[in-house]
Amino acid sequence: MKEQITSLQINNRKREELEQAANSLSKAARELEIRPIQKKIIDISEVLSDIKSNTEEPLE
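If you're matching positions, the sequence shown starts at 1 in my numbering and goes up one per residue.
I should point out that these hints are in silico values taken from the structure, not numbers from a laboratory. Backbone N, C-alpha and C fix where the C-beta goes; we use that ideal spot for every residue, glycine too. Misleading hints may appear alongside valid ones.
Unchecked claim - Calculated pairs, BS3-like style, for lysine-lysine (alpha carbon to alpha carbon, straight line, at most 25 Å):
| no. | residue 1 | residue 2 |
| --- | --- | --- |
| 1 | Lys-52 | Lys-40 |
| 2 | Lys-27 | Lys-39 |
| 3 | Lys-14 | Lys-2 |
| 4 | Lys-39 | Lys-52 |
| 5 | Lys-40 | Lys-27 |
| 6 | Lys-14 | Lys-27 |
To be verified - Across the chosen pairs, the derived CB separations fall in these ranges:
| no. | residue 1 | residue 2 | range |
| --- | --- | --- | --- |
| 7 | Asp-50 | Asn-12 | 53 to 63 Å |
| 8 | Lys-27 | Gln-4 | 27 to 37 Å |
| 9 | Leu-8 | Lys-40 | 43 to 53 Å |
| 10 | Lys-52 | Arg-15 | 51 to 61 Å |
| 11 | Lys-14 | Asp-50 | 46 to 56 Å |
Based on the sequences and whatever the hints tell you, model everything.
Take a look at the structure:
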């Protein structure tokens, strides 16, 4: 009986570790999907800023 309890405790720990690993992988996958989009937004913002600064009328 004690061996079964120990085995269940080990299995529970392994399951928890696998769940944590799966959550970490999910988070990493989301970040990999988001980063290129964030980079493009920053690039577009910089281009728009450059366009704005080039099209503003100079102060007299």
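### Query
Do the beta carbons of Lys-27 and Gln-4 sit within 27 to 37 Å of each other?
holds, 35 Å
### Query
Can the restraint linking Lys-14 and Lys-2 be considered satisfied, given a maximum Cα separation of 25 Å?
holds, 18 Å
#### Entry: Lys-40 paired with Lys-27 [C-alpha distance capped at 25 Å]
holds, 20 Å
### Query
Under the criterion that the straight-line Cα-Cα distance not exceed 25 Å, is the pair Lys-39, Lys-52 satisfied?
holds, 20 Å
### Message
Quick check on a hinted range of 53 to 63 Å for Asp-50 and Asn-12, using CB atoms only.
### Response
holds, 57 Å
### Query
Hey, Lys-27 versus Lys-39, does the alpha-carbon distance stay inside 25 Å?
holds, 18 Å
#### Entry: Given pair status - Lys-40, Lys-52, alpha carbons within 25 Å
holds, 18 Å
#### Entry: Pair hint outcome, Lys-14 versus Lys-27 [Cα-Cα no greater than 25 Å]
holds, 20 Å
### Query
If you check the beta carbons of Lys-52 and Arg-15, does the distance land in 51 to 61 Å?
Holds: the Cβ-Cβ distance is about 55 Å, inside 51 to 61 Å.
### Task
Could you check the hint for me, namely that Lys-14 and Asp-50 are 46 to 56 Å apart, CB to CB?
holds, 54 Å
### Message
Quick check: does the Cβ-Cβ distance between Leu-8 and Lys-40 fall within 43 to 53 Å?
### Response
Given range 43 to 53 Å: holds, Cβ gap about 49 Å.
Comparing the model with each numbered hint stated earlier shows that all of them hold.
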